[in-house]
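Participant: The residues making up each chain are set out below.
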Amino acid sequence: MLTMTNVKKVFRTDLVETHALRDFNLQVDEGEFVAVTGPSGSGKTTFLNIAGMLETFNEGTYQLDGEDVSHLNDNQRSKLRNEKIGFIFQSYNLIPDLSLFDNVDVPLRYRGFDAKERKKRIEESLDIVGLANRMKHLPSQLSGGQQQRVAIARALAGNPRFLLADEPTGNLDSAMAQSVMELLKEINKKGTTIVMVTHDPQLATQATRNIFVKDGQVSEINDVVAMHVANG
Amino acid sequence: MLELGPIFRALLRNKIGAILIAVQIAFTMAIIVNAVFIIYDRSQQTKRPSGIDEANTFYINSSGFGDDFDIKGTITRDLEAIRALPGVIDAVQINAIPISGSGWSMGLQTEAGAEHDGQGVAVYMVDEHGIKALDLELLAGENFAKSDIRWRGPAGSKWPAKVIVTEAMAKRLFPELSYSEAVGKTVYINNDEPMIITGIIDKLQAPWVGWDNLDNAMLSPEKMEFQSTRYLIRTVPGMRDQLMKTVEELLAENKSRVIDGMRSIDYVRERSYRGNTAMIKILTTVIVTLTVVTSLGIVGLASFSVNRRKKQIGIRRALGATKASILRYFMVENFLISASGVVLGAALTIALNMLLVSALSIPPLDWFYIPAGMLVLCLVGQAAVFGPAKKATEIAPATATRTV
Numbered sequence: 001m002l003t004m005t006n007v008k009k010v011f012r013t014d015l016v017e018t019h020a021l022r023d024f025n026l027q028v029d030e031g032e033f034v035a036v037t038g039p040s041g042s043g044k045t046t047f048l049n050i051a052g053m054l055e056t057f058n059e060g061t062y063q064l065d066g067e068d069v070s071h072l073n074d075n076q077r078s079k080l081r082n083e084k085i086g087f088i089f090q091s092y093n094l095i096p097d098l099s100l101f102d103n104v105d106v107p108l109r110y111r112g113f114d115a116k117e118r119k120k121r122i123e124e125s126l127d128i129v130g131l132a133n134r135m136k137h138l139p140s141q142l143s144g145g146q147q148q149r150v151a152i153a154r155a156l157a158g159n160p161r162f163l164l165a166d167e168p169t170g171n172l173d174s175a176m177a178q179s180v181m182e183l184l185k186e187i188n189k190k191g192t193t194i195v196m197v198t199h200d201p202q203l204a205t206q207a208t209r210n211i212f213v214k215d216g217q218v219s220e221i222n223d224v225v226a227m228h229v230a231n232g
Numbered sequence: 001m002l003e004l005g006p007i008f009r010a011l012l013r014n015k016i017g018a019i020l021i022a023v024q025i026a027f028t029m030a031i032i033v034n035a036v037f038i039i040y041d042r043s044q045q046t047k048r049p050s051g052i053d054e055a056n057t058f059y060i061n062s063s064g065f066g067d068d069f070d071i072k073g074t075i076t077r078d079l080e081a082i083r084a085l086p087g088v089i090d091a092v093q094i095n096a097i098p099i100s101g102s103g104w105s106m107g108l109q110t111e112a113g114a115e116h117d118g119q120g121v122a123v124y125m126v127d128e129h130g131i132k133a134l135d136l137e138l139l140a141g142e143n144f145a146k147s148d149i150r151w152r153g154p155a156g157s158k159w160p161a162k163v164i165v166t167e168a169m170a171k172r173l174f175p176e177l178s179y180s181e182a183v184g185k186t187v188y189i190n191n192d193e194p195m196i197i198t199g200i201i202d203k204l205q206a207p208w209v210g211w212d213n214l215d216n217a218m219l220s221p222e223k224m225e226f227q228s229t230r231y232l233i234r235t236v237p238g239m240r241d242q243l244m245k246t247v248e249e250l251l252a253e254n255k256s257r258v259i260d261g262m263r264s265i266d267y268v269r270e271r272s273y274r275g276n277t278a279m280i281k282i283l284t285t286v287i288v289t290l291t292v293v294t295s296l297g298i299v300g301l302a303s304f305s306v307n308r309r310k311k312q313i314g315i316r317r318a319l320g321a322t323k324a325s326i327l328r329y330f331m332v333e334n335f336l337i338s339a340s341g342v343v344l345g346a347a348l349t350i351a352l353n354m355l356l357v358s359a360l361s362i363p364p365l366d367w368f369y370i371p372a373g374m375l376v377l378c379l380v381g382q383a384a385v386f387g388p389a390k391k392a393t394e395i396a397p398a399t400a401t402r403t404v
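Chain order of the listed sequences is U and H. Anchor point for the first sequence: position 210 equals 210 in this note's numbering, and the numbering is continuous, going up by one each time. Anchor point for the second sequence: position 160 equals 160 in this note's numbering, and the numbering is continuous, going up by one each time.
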């Protein structure tokens, strides 16, 4: 599903060279729910950006769904991102001027679906997150948890092969955070692969696998399920 | 994928800036379109031919003084001498200079009597050399004979029996006849003094360039027995400037008069249309300034909106927007603003034109100026927004994951 081999990412300025990822190796299989944890500056977000093709990398190979994405141009990456990846961001990243309906519509329009198909998908995905009755509302009229649900609906509407979540509960209180986690777990159960970056070990344990990133490298891989079973 | 609906709805939620720009576009369009029309109208006006050989013609004024000044003898000798100069095609004593701003006007009517309306006409008093000196073409009838020419005294007010009119004047007088059929017809001047049309000339403009009946002109077979007189001299091409000097020296030999003014017709035209030329320059400046200001307004709004939406653009890129989609988004957004601006602008353009028509006697705008203005303003908008839009495409998709 997602295979990174010896991926290296260096940020250069005139004065410093920062190795955000060094020989980063990771394989995520279909159907997994992987939580990526690690301290600030460890390279979590860089990993997520590269995994989501938001950024390019300097060395190594990255295969997404069997396709080597290392040499794709900007347009090809945009298209692939749109088709295969759903994004969930820490600060929801809804577009404030657009209604919930239009927000969920954004990636579907880039995908080129016709109006009827888009409407069906928007309604279905808002229904999944329980906000179908608020389609005409603006993001500012919703609570944080609801906004994140809209973001999840937007990520789901394109029916992506996997979801990339960047601190999806970082801005939410624990009750709302838990309900978003439940939603993600439900989505994962239905077959969508999820990679979630989080600094919260408590949430991480709810994923099927934990990855710990440190100094731009995968330093430890825990099989949470196995751990649970062993502890259970 | 034009995203018209979402862009429009998003615009409605941030309408102040957009409305201001649309209104600015509307006013710019109203002013620019009317200004362009006035420029065109005025430049066409300036280009109208006077009918005479402007490049090779000049006039010179002579004023005799003293009670014993021999007017008739001086004029006869002057004309003989000038006509004999090498390079002079012909010369004529004349009462007024076409397009110069000052001259004589009378009314001609087809029926005698004060109760009938006359057609205004510019009067040029010339002898049988008039047609050649003015470079006119006789379309029908015949030129004056030497015997037709009479002297008009300073107090004389009776009119000669013959008249030559321009084709335009003949058509005004006899709209139902062809111009050649007007030859032989009797017209009345001063309400009831008959004149027979003996010839039709092609084109000769009146002295007043702003006059509606600029092409109404007549030649009256007369020489003027006035102390102050004026000669119009036509030269072979290239000889005008040299002959101006020669003629001035020639006339100055007679010490009982002064030469008080000598001008080329090129100068006369330039002076008569100076107002138009100045207006064209001012309006061109207005057009350029307004276009620049409006473009800067659009660039400003678009740049502000790109900066304000950096994060949003990053999000769109993350969600699959290509650079082209981002560029298109801003171009379409600007087009929506411009389109509403030019629709309002079309109404304002018409309103302003109506105002100008009534206030400044400018002709009504030709209809095609409106769509052309709308198109141009939209293109200006698209050109202005292109820079900021291109900048927006450079915003990295990874902006979406930055928590700033």
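Please keep in mind that the hints were generated in silico from the structure rather than gathered at the bench. These figures come from a predicted structure and were not determined experimentally. Glycine included, C-beta positions come from ideal geometry on N, C-alpha and C. Keep in mind that a hint or two might mislead.
As a list, the in silico PhoX-like pairs of lysine-lysine whose alpha-carbon atoms are at most 25 Å apart [said to hold, decoys possible]:
no.	chain 1	residue 1	chain 2	residue 2
1	H	15	H	47
2	U	79	H	390
3	U	8	U	120
4	U	79	H	391
5	U	136	H	15
6	U	189	U	214
7	H	47	H	158
8	H	323	U	136
9	U	79	H	185
10	H	72	H	146
11	U	79	H	311
12	H	323	H	281
13	H	310	U	79
14	H	323	H	311
15	H	146	H	158
16	H	15	H	311
17	H	185	H	162
Footprint (simulated), chain U over chain H, 3 or more residues, beta carbon under 8 Å [stated by the list, open to error]:
no.	stretch
18	5-15
19	317-328
20	391-398
Participant: Work down the list of hints and note, for each, if the structure agrees.
Facilitator: Checked hints:
no.: 1; hint: H:15 to H:47; result: 47 Å, violated
no.: 2; hint: U:79 to H:390; result: 20 Å, holds
no.: 3; hint: U:8 to U:120; result: 41 Å, violated
no.: 4; hint: U:79 to H:391; result: 21 Å, holds
no.: 5; hint: U:136 to H:15; result: 19 Å, holds
no.: 6; hint: U:189 to U:214; result: 29 Å, violated
no.: 7; hint: H:47 to H:158; result: 36 Å, violated
no.: 8; hint: H:323 to U:136; result: 28 Å, violated
no.: 9; hint: U:79 to H:185; result: 86 Å, violated
no.: 10; hint: H:72 to H:146; result: 15 Å, holds
no.: 11; hint: U:79 to H:311; result: 20 Å, holds
no.: 12; hint: H:323 to H:281; result: 43 Å, violated
no.: 13; hint: H:310 to U:79; result: 20 Å, holds
no.: 14; hint: H:323 to H:311; result: 15 Å, holds
no.: 15; hint: H:146 to H:158; result: 19 Å, holds
no.: 16; hint: H:15 to H:311; result: 20 Å, holds
no.: 17; hint: H:185 to H:162; result: 10 Å, holds
no.: 18; hint: 5-15; result: holds (count 6)
no.: 19; hint: 317-328; result: holds (count 9)
no.: 20; hint: 391-398; result: holds (count 3)
Checked against the numbered hints above, the structure violates hints 1, 3, 6, 7, 8, 9 and 12; every other hint is satisfied.
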